[in-house]
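There are 2 protein chains.
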Amino acid sequence: MFKIRLLVSALALTGSMSVVAAEALPTKAPAPADNPTTAEKVALGQMLYHDPRLSSSGTVSCASCHNTMLGGDDNRGGSVGVGGQIGGRSAPTVWNSAFNKVQFWDGRAASLEEQAAGPVTNPIEMGMKSWDDVVARLKKIEGYQKAFEKAFGKDSISKDTATKAIAAYERTLITPNSAYDKYVKGDKSAMTEQQVRGMNKAVELGCTSCHSGPAFNGPGTFQKFPVIDNGYFEAQYDFKKDKGLAEVTGKEEDENFWKVPTLRNVALTAPYFHNGKVKTLDKAVKLMAKLQLGKDLSDAEIADIVAFLDALTGEFPEQKMPRLPAYSGNTFN
Amino acid sequence: MFKIRLLVSALALTGSMSVVAAEALPTKAPAPADNPTTAEKVALGQMLYHDPRLSSSGTVSCASCHNTMLGGDDNRGGSVGVGGQIGGRSAPTVWNSAFNKVQFWDGRAASLEEQAAGPVTNPIEMGMKSWDDVVARLKKIEGYQKAFEKAFGKDSISKDTATKAIAAYERTLITPNSAYDKYVKGDKSAMTEQQVRGMNKAVELGCTSCHSGPAFNGPGTFQKFPVIDNGYFEAQYDFKKDKGLAEVTGKEEDENFWKVPTLRNVALTAPYFHNGKVKTLDKAVKLMAKLQLGKDLSDAEIADIVAFLDALTGEFPEQKMPRLPAYSGNTFN
Chain A
1 MFKIRLLVSA LALTGSMSVV AAEALPTKAP APADNPTTAE KVALGQMLYH DPRLSSSGTV
61 SCASCHNTML GGDDNRGGSV GVGGQIGGRS APTVWNSAFN KVQFWDGRAA SLEEQAAGPV
121 TNPIEMGMKS WDDVVARLKK IEGYQKAFEK AFGKDSISKD TATKAIAAYE RTLITPNSAY
181 DKYVKGDKSA MTEQQVRGMN KAVELGCTSC HSGPAFNGPG TFQKFPVIDN GYFEAQYDFK
241 KDKGLAEVTG KEEDENFWKV PTLRNVALTA PYFHNGKVKT LDKAVKLMAK LQLGKDLSDA
301 EIADIVAFLD ALTGEFPEQK MPRLPAYSGN TFN
Chain B
1 MFKIRLLVSA LALTGSMSVV AAEALPTKAP APADNPTTAE KVALGQMLYH DPRLSSSGTV
61 SCASCHNTML GGDDNRGGSV GVGGQIGGRS APTVWNSAFN KVQFWDGRAA SLEEQAAGPV
121 TNPIEMGMKS WDDVVARLKK IEGYQKAFEK AFGKDSISKD TATKAIAAYE RTLITPNSAY
181 DKYVKGDKSA MTEQQVRGMN KAVELGCTSC HSGPAFNGPG TFQKFPVIDN GYFEAQYDFK
241 KDKGLAEVTG KEEDENFWKV PTLRNVALTA PYFHNGKVKT LDKAVKLMAK LQLGKDLSDA
301 EIADIVAFLD ALTGEFPEQK MPRLPAYSGN TFN
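These protein sequences, in sequence, are chains A and B. Take 1 as the starting number for the first sequence in the UniProt record's numbering and just add one per residue. Take 1 as the starting number for the second sequence in the UniProt record's numbering and just add one per residue.
Calculated directly from the structure, the hints in this document are not laboratory data. Any given hint could turn out to be false.
For identical chains, the list gives no copy identity; a pair is met inside one copy or between any two copies.
In silico EDC-like links for lysine to aspartate or glutamate, alpha-carbon gap of 20 angstroms or less [claimed, not checked]:
| id | residue 1 | residue 2 |
| --- | --- | --- |
| 1 | Lys277 | Asp238 |
| 2 | Lys320 | Glu193 |
| 3 | Lys201 | Glu252 |
| 4 | Lys279 | Glu142 |
| 5 | Lys283 | Asp299 |
| 6 | Lys241 | Glu252 |
The model shown is predicted, which means the values in this text are computed figures rather than measured ones.
Start from the sequences and build out the full structure, keeping to the hints where you can.
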């Protein structure tokens, strides 16, 4: 296809050997062998995902910080957990997270299933003491007994099944048919001239060495950020304070390495970077060019790239609101 | 119809002159002359209702406390507002609130429009400093400019239009086709024998003197609670501490008067009473009989009435999740 040629040839200019796949976003996400996606799991997962009773206070659901009515996040620097506590990293979008190779900013979860288990018992997020407590709470709710039975069989409420259901639901959160997707499928009118210019500039600069593939989050898994030390910007944004991958591995060589985040719907997910310190997309583009590639972009180049990134905003599938099952004895104050 | 005769004749036994209308819940709510319901207003209202950006912290939406995925409330004694503050009254259900004669527990709002304006600027609920601030925030969001334009015309974002849209949405939140509704429409198999027994007992006791009409919240608007002083229960539940209507009017004769709440979906909206101090429906029934009617019910009678109240759980219409429009410069931390 023309676009593939164009991207590859433009890439060739940068000397990178990365393969840039000008691929449209798949409309289905692959599921692991031990958790095939079923309608019953998805329905249950959507309920659990939106149920604030999975938090100690009964006020915070997965959707509170990864809001599917918005761009899949909460548009905050730090998310607000139980008791108004504020987390240290900006919530990544749940949309298209099925295409991430690892989950969390520091990649500490290998799968959506593993990720789903984390925030529920994180003391500053959903604050449950243990998954045993979550399971005990769910078991008291007749509607959940039935929904788990449909999805996993009788008496199946557990951490394992709950996180599998949430992951199965998350695998349906895909936003296809962006202007870019239409463009790479052959509709040359789908992107504006400015967006095409921005795409070519992004490739020429080398952005797509790290942000490639259908979700613009590969081919690698982790990358260092910032690559280039810059005292001026560091003083403003504290990017290096959080050590990222090294906080998980304890290895010095992993310091300031992060999961490469998807660029899909990036126009909707301000603020930017792991600490959410950068409020606008034009500023984020400018900083990425400077700190990762050592390039100073003109305002026109930045505007072109932002226009291209706008072309990565997809179509959000219509979702039904789940009905959350009643618990006749209330759980909270 | 048989049921009407039955209810009226049973009522005659109690000597009450109230008209008990054994009416099914209407499937449409009447709208005020200055706010006819339109699809565009409902769509906008649903967005505003679910948007946490209508709160100072960006974490609390109307739906946080009046959760339409649940029974239209939050199943708490006191709701949790911005900064984890806890309100003094239990959130009433939004489902079928269109059929309330007045809004809020103390009836201080005459309409859904007036009600919608309140929590947004209440410092312990959604905490916005003023509606001017809300309007300024909404005006920055292009998607809202468009949605207001569709609903109300160009440059129409205001407190008046926002609250009208929310009210228009709320008028669609109706739960018809409960077992009771089917029963009064002629399907005698829709309620169990126990439910019919409970219904007749409720009428005989006089419950329906205050809880009658299709939403079981009339014929009057306000009633005193508790009617009968009882030191034992008062010590446990503090019912009289909050003066209700008198807190609005300042009149001694209004002390402990409350809007008669709907009994529709009451099985889903634990805990009970204005302060949410009673956690289960059987206890609430027992206390109502004792404190309002001076009657001591047997466990069997209570179980029958609870079974009848279960028959008032309606069908929740399928709702689409709204898409909340993005704001590219984030508003919060």
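Here is what the structure says about each hint:
Taking the shortest alpha-carbon separations for Lys277 and Asp238, only the intra-copy value of 8 angstroms comes in at or below 20 angstroms, while the best inter-copy value is 47 angstroms. Taking CA atoms no more than 20 angstroms apart as the test, Lys320 paired with Glu193 passes in neither setting, with 36 angstroms inside one copy and 35 angstroms between copies. When the C-alpha separation of Lys201 and Glu252 is checked against a cutoff of 20 angstroms, the pair qualifies neither within a copy, at 34 angstroms, nor between copies, at 74 angstroms. Taking CA atoms no more than 20 angstroms apart as the test, Lys279 paired with Glu142 passes between copies only; the shortest distance there is 17 angstroms, against 44 angstroms inside one copy.
Taking identical chains as interchangeable, the C-alpha atoms of Lys283 and Asp299 lie at most 20 angstroms apart only when both belong to the same chain, with a minimum of 10 angstroms there against 67 angstroms between chains. When the C-alpha separation of Lys241 and Glu252 is checked against a cutoff of 20 angstroms, the pair qualifies only within one copy, where the shortest distance is 14 angstroms, while the shortest distance between copies is 61 angstroms.
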